[in-house]
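Can you join these two chains into the complex? Each is in its own frame, and there are hints to help.
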Amino acid sequence: MANQVKKYGFVIDPRRCIDCRACLVACRAENNVPLDNTRIWVYDQGVVGEFPNLTQQFVPYNCMHCDNPPCVAACPSQATYKRKADGIVVIDQDACIGCGLCLPACPYHVRFVNTQTGKADKCDACVQRVAQGEAPACVATCIGGSRLFGDLNDPLSEVSIALAQAKTIKQLPAVGVDTGPNLYYINDPVDEQQLAVTAPHMPASEAIYQKLIIPGILAAVGTMFLGQAVAFAKQLRKGESEYDE
Amino acid sequence: MSDEILSLAERKRLRAKKIKKHGLANILTHWFNVASWVILLSTGLALLANPNLRIMPQGYIDFFSHLFGGVGQLVQAHKVFGLIWLFVISYNVLLGFRRYFVPFARKRMLLTSDDLSWFREYGKKLLGLKYHLPPQDAYNAGQKAFGYVVILGTVTIGLTGLIMTFAYLLPLELRGIVQWLRPLHFLAVGGIVTGLVIHVYMAAFFPEEKSAFFSMFNGDVDALYARLHHKKWYEDKLKEERAYELKVRLEELEAREAETPETEKQATA
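Protein sequences, first through last, are from chains A and B. The first sequence: position 226 = 226 (this note's numbering), numbered continuously. Numbers in this note's numbering are just positions in the second sequence, counted from 1, shifted up by 245.
Note that these hints are calculated values from the structure, not bench results. A few of these clues could be false.
In silico DMTMM-like links for lysine to aspartate or glutamate, alpha-carbon gap of 20 Å or less [claimed, not checked]:
| no. | chain 1 | residue 1 | chain 2 | residue 2 |
| --- | --- | --- | --- | --- |
| 1 | A | Lys238 | B | Glu453 |
| 2 | B | Lys324 | A | Asp36 |
| 3 | A | Lys119 | B | Glu454 |
| 4 | B | Lys324 | A | Asp94 |
| 5 | A | Lys234 | B | Glu454 |
| 6 | A | Lys84 | B | Asp307 |
| 7 | A | Lys234 | B | Glu453 |
Incomplete in silico selection of chain A near chain B, CB under 10 Å [claimed, not checked]:
| no. | residue |
| --- | --- |
| 8 | Ala135 |
| 9 | Leu195 |
| 10 | Glu206 |
Here the structure is a predicted model, which is why all the values come from computation and not from measurement. C-beta: ideal position from N, C-alpha, C; glycine also.
Pulled out of the complex, with its shape left as it was, chain B reads as follows (with noise of 0.2 Å):
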């Protein structure tokens, strides 16, 4: 956050503002994967049901098994959720690969050198040393971070488990690989949920990325939080602004030029 100062008039101001951040394709396909994630996450712990690999209790993993009614159903029930998040995820990504993703990647993704001082600056604060972080841009270091984490993940876990819904398609010489494509698996997702344990706490729990959170259902930001935590992106967004304002006014001005009647113009002349 930037330490900025602002008086509670100006405060007031900004938080009134609405800035906005997300369309309304990338919602739904952020809730769209937190539901898939949710069902193929409590499905695919208790399929971790070998005693040398389970994770969570014995009723755990009883619950699910009797919920789906059996064992079989259970992984057939992961492999068909599963494929449909898989689906949905890359139908969503390739048809709004030039328009979103291509963009998203450009702009908002790749690493500054004011990224690199964030994690040093993060790094002290979290040491409880004196810290001053660096403006960011619509997402920060630390958010960037964890995107990759994600997008890594995502293509990792959709892949291996592809191969492995379709595993018994293999010819048996092949069948070696589904030995370390489930543990890949399973670090994919771990590597994930560790990441997620931020993502949730930050959203849900933290105060003062309220705004960011509430941006997730109605895609709106209000311009206090904007400024003092994107503020690099808060700036592009007054220059979006300004730039828009200037050309409504000139079209303004050539609107009324032309309405002018050529009597009038040759009078003032």
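Chain A extracted, bound-state conformation (with noise of 0.2 Å):
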């Protein structure tokens, strides 16, 4: 049934953000992040108005767990792969060959080679903590409850109840695709060309590899093989009369 299958998704009210970047610290302690990266960020969107009426909106941003990976599509060794029990989009780092293909696919450029690792890496839900039934380390040290975490596919989680409570509700739409974002942006628009979203990018090396050299290579060795086959059918009909002895 699908509703016994969870999504995890993450809502976040931008008013609630307040600057402080507690879970930027929070991230980096739970998952030993470097401190030349950050897997998490809080984009500070500039002043808006004329004094006295200012505002300024701060955006607690990080990976969107799509429904539909681009970072997934992309990735030759099926290192990402999106969890089938909750939807949390991981990076085996086994699997990693560390070719850097997912982070032009990722249209919100989520994704950073670790620099102590030499691999690719990302927000992965604290998976972790998820598995002790408890949320994300920035969810959790979030002091003005800007960011959420929960099943989407439950009705009484916390991030469903405050999407049915949410004034406005906003997804960031990737350029081109339909990525089917987890994060919700509650309460206050977000300007997604701020953010700066973009399309997906396939590298043109990546483009001949699939469109070229494959095919070409599966001709080549099809061609040769139907070629032998010819052969091997004439010889049986020949059979073998010389070197009979």
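Take a look at the structure:
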């Protein structure tokens, strides 16, 4: 049954964010993220309006754990995958070959190469905490209650209730592809242009590999195999005469 | 194959005579390479799991990732087997570089005008036209061509594989080259596999090359095969045999001369 499968997602209320960045610290401590990198962000959208009517928006930001993740489609070794049980998009560090194809594939630019491991890294919704029934570190530490996390398929979860009561709901659409992001911004409009959401990008090398090299080699091996099969059939029909003794 | 006509008795005599073609090191390296290719090709195909790259059915990919205990273990196993293969192959080549590799490259790999006309004549054969294959050396032109593909391919596979295995150590600015190395790695494997289809068919199924197949186990080909397929090499071997016989006979004569007592020599004089 569909509603037995969990679908974890984030609900973020930017109005409640005070830009304290405790979530960045909590994430770094929980997941051993090197100082050069970060898995999550808080984007300062700048001061808007005219004095004295000024507002300033802070947008907590991380992996959207998409329903249709372009990074999974880009990963050649399937190191990146979406967990079937709960929909969290994770990276198998053993399977990651560090090619870096997933970085430009993500329209939200939440992926980076970890400077310590040399492999792809990103928010994994603190799977180790989720397995214990706890919220991710960033959510647990958020003093304003701006970051929420839970099962979107459960109508009684904190995130579902927040979404039901929200004045506005906004998902960040990617350019040219329906990613189905599972991160919702509520109660405050968020501008995806300002957050530089793009289309997934595939380098030329990969296009040449997929469209030219693989079909070419398959055609060559197939032709050769067919040729040898014909030769073998001929040989069988002719039979062995001279070399039988 | 040569089109000369030999009597049955001559054929039988030549077939019984053995000529050494491969040394033990050569044979062991060949079968080590075969085993490595079976493992690396099957795990490598299972690594092309992304739907955009997939060649094998999903069941094949699942079988191998389950066999090794997950995609991560499969990737690691492919790397480890690849490193072992690379180490042993390069160790063997370097160890026997002056004794085997250089003479091999100089005597057996260079293309001659006979080789070029072999390609022409073999093309005619494939088209069903009249053909006459020129006499060939220890390896015929087709084998030499495959040899080049294998040497070039092995170097490419080894280098690209080595860099990709340790890609995580590369600085971020150089990471983009991994995206070119993967197709290159695949291209080199594909080139070898294309030739391998002929190589395996010729060795395992083609009756005329039966002797060559068994020479990869005991090192010997029979003289009939050598004479019909590798005339130039066969004649070189005959020359070698004659030279050896001459040397032995001369030594025998000298030894006999040394044994004869002085008095006898004087008496005959």
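Hint check results:
{"no.": "1", "hint": "A:Lys238 with B:Glu453", "result": "13 Å, holds"}
{"no.": "2", "hint": "B:Lys324 with A:Asp36", "result": "29 Å, violated"}
{"no.": "3", "hint": "A:Lys119 with B:Glu454", "result": "49 Å, violated"}
{"no.": "4", "hint": "B:Lys324 with A:Asp94", "result": "11 Å, holds"}
{"no.": "5", "hint": "A:Lys234 with B:Glu454", "result": "16 Å, holds"}
{"no.": "6", "hint": "A:Lys84 with B:Asp307", "result": "16 Å, holds"}
{"no.": "7", "hint": "A:Lys234 with B:Glu453", "result": "14 Å, holds"}
{"no.": "8", "hint": "Ala135", "result": "27 Å, violated"}
{"no.": "9", "hint": "Leu195", "result": "23 Å, violated"}
{"no.": "10", "hint": "Glu206", "result": "6 Å, holds"}
The structure fails hints 2, 3, 8 and 9 (numbered hints given earlier, in ascending order).
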